Amino acid sequence: MTQMNMLQAINNALDTAMAANERVLCFGEDVGVFGGVFRATSNLQQKYGKARCFNTPLVEQGIIGFANGLAAQGSVPVAEIQFADYIFPAFDQIVNESAKFRYRSGNLFNVGGLTIRAPYGGGIAGGLYHSQSPEAYFAHTPGLKVVVPRNPHQAKGLLLAAIHDQNPTLFFEPKRLYRASVGEVPDEDYRLPLGEAEVLKEGTDITVLGWGAQMEVIEHAVEMAEKEGVSCEVIDLRTILPWDVETVANSVFKTGRLVVTHEAPLTGGFAGEIAATIQERCFLYLESPIARVTGMDTPFPLVLEKEHLPNHLKVYEAIRSSVEF
Amino acid sequence: MTTTKARVVYSPVFTDGAEFRIPTFKLLKQDGSLYKGAKAPDLDKDKALRIYRAMVTTRILDERMLAAQRQGRLSFYMQCTGEEAAVVGSAAALDDADMIMAQYREQGALAYRGFTIDEFMNQLFGNELDYGKGRQMPVHYGSSKLNYMTISSPLATQIPQATGYAYGQKLAGDGHCTITYFGEGAASEGDFHAALNMAAVHRVPVIFLCRNNGYAISTPAAEQFAADGVAPRAYGYKMDVIRVDGNDILAVHEATRAARTLAVEHNRPVLIETMTYRLAAHSSSDDPSGYRSKDEEAVWREKDPILRMRLWLESKKWWSEDDEKQLQENMRREVLETMKRAQKRPPPALDTLVSDVYDEVPPALAEQFDSLKSHIRRHPDAYPKSAEHAKGGL
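Just so you know, the protein sequences line up as chains A and B, in that order.
So for the first sequence, the UniProt record's numbering puts the first residue at 1; every next one is plus one.
So for the second sequence, the UniProt record's numbering puts the first residue at 1; every next one is plus one.
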């Protein structure tokens, strides 16, 4: 075990994967000798050479198209998109190509080795284009896996799982926590399961669900609610697609109430999918409407970021109104 | 910082690159004889006949399957007519283990590699033997054993993928390269730019082969780009480039052979622009009479690449009237018989609806499938094909 922040844990996961398999490659804008604008790929080029860790020209659709080809060839590419806000030029390569490669070829070809890493989320004064949470766009795409870690231990275990998973996987890293989140991380190779939510705290009155940096927000909101005697069950979804319906439904069977929170805008956000599914599964058990605490239906603002974000107070209020319904 | 030492001038000097005129490489005249001074490439009889048979197979398959589409037996079809030399001639200059990443008008390359008429038909009819399990529209072929990447509809997406695939081949050091085919319309997509730039920067063994056939559906090349075709763009990437008469099988073969040497032995990506003409409609859903003249088509019909090669073969005494008659008859019969067989085969099993989305079927998708099966069980007459073929899956 070593004390690491989230960036060190990600760097350590990449190092672990590259050491174990020479077909693992890391590339993207500025990931080479510079080690990435956030330093997630520090020292990898020095250690594994320019052929396995390199800068690409500044072209997101090219990075992912190139990565798709490499993965189809049998390599294990870990492509970096500098900010999740800039993944959209590659949307076609991800949605029409990566996600459909295996299906359309009848499994003659696949890009299962592909992992796409991208820093995501707000809270760093990033304005419109350094703050976005695009997971819901990809959640509508069969064939992809979408994963979000909440701390350094998760980051390494889930990233190694994503790299070894036989499906193209998007790995969104909460950049607000890159240096803020610090914890013990095992030195060896370990993998946390994809497609499984984690119950962080058991409770009986209400289920509070989120992912990534929002788990920290939930933690504060739940502390406030528990002081007032509300017993909260807290779940980290971890994998957005395919998501763990079972764990969430079982929790709601028990608590009868659900709050879902994410930074992305409300309309078309992934909380809508969760709410609809849980309403179908748990209709007779629900004691209050499922609440969604999310970013507003606006582009991500700069100066009024604090007002825009679904902070712990907003989550706390949603918990209160749910239990008082 | 610039990568080259620029000459300095002290008044504004603009240049539009007009001084770079790329010549067209030709070897074979339409009458089957070589141009003066042209040297025939190193093609033995067996290989020449393998190429010719693939071209004729492609032509006959295309004619017959377009007719089948017109009769309503097939939902969709796309012909390669007029472009057989560009496609087959280039594929034949590669090693059969090199990867081919095509657009959708390159069935000739598959025919050359040995894809059987049965295999073509199974895909066209999406029956239970189709490798793609009936999921894609007709002509979206793929074959892992023939190193032919499965086709997808979105244009140009395969071009940066080819760069990535070839980068993997370079690291593997297996002495192979990738060729990627695309039309001059697809070359306007951003993925074209991404692919060529990345290939040049990383010195990737990939051959970019543009079929410049004059039209992207109804859009003539003059509305596609203002420059002298696609070839001059290679200068901007510092990439080797050659323009070839795409109806000249010998020139296409020779250019691709030389390009492969540059790619595999020197890690130099190459752009080949083959100048040809899309003699047929864009697809079975298109009628070219709305946007181009019969006169223009007639000019190109006289440049038929298959006839040109046949005359060359005959001049070398490698082919005769009888050989031609026999090949045509056999091929037409085989296409017809195979089509009937493929059409009668059942569709893919019902569970292929949900397999291969992921390596394993996720629980939520398995539930959707169970619900579909119950539904079909209640309404078997509404879903006769899948109900009959569920093979106990229901």
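Hints were generated in silico from the structure; no laboratory data involved.
Hints may be right or wrong, so weigh each one.
Claimed, not checked - Now the in silico label distances, taken between C-beta atoms and shown as ranges:
id: 1; chain 1: B; residue 1: D286; chain 2: A; residue 2: Y285; range: 49 to 57 Å
id: 2; chain 1: A; residue 1: F91; chain 2: B; residue 2: D359; range: 43 to 51 Å
id: 3; chain 1: A; residue 1: G49; chain 2: B; residue 2: A382; range: 54 to 62 Å
id: 4; chain 1: A; residue 1: F325; chain 2: B; residue 2: K385; range: 47 to 55 Å
Quick caveat: nothing in here was measured; it's all calculated off a predicted structure.
Heads up, the beta-carbon is just placed ideally off N, CA and C, and yes, glycines get one too.
Results for each hint:
1. B:D286 x A:Y285: 49 to 57 Å: At roughly 56 Å between Cβ atoms, Y285 of chain A and D286 of chain B fall inside 49 to 57 Å, so the hint holds.
2. A:F91 x B:D359: 43 to 51 Å: Violated - the Cβ-Cβ distance for F91 of chain A and D359 of chain B, about 23 Å, lies outside 43 to 51 Å.
3. A:G49 x B:A382: 54 to 62 Å: Since G49 of chain A and A382 of chain B have Cβ atoms about 60 Å apart, the given range 54 to 62 Å holds.
4. A:F325 x B:K385: 47 to 55 Å: holds, 49 Å
Hint violations for this structure: number 2 only, all remaining hints satisfied.
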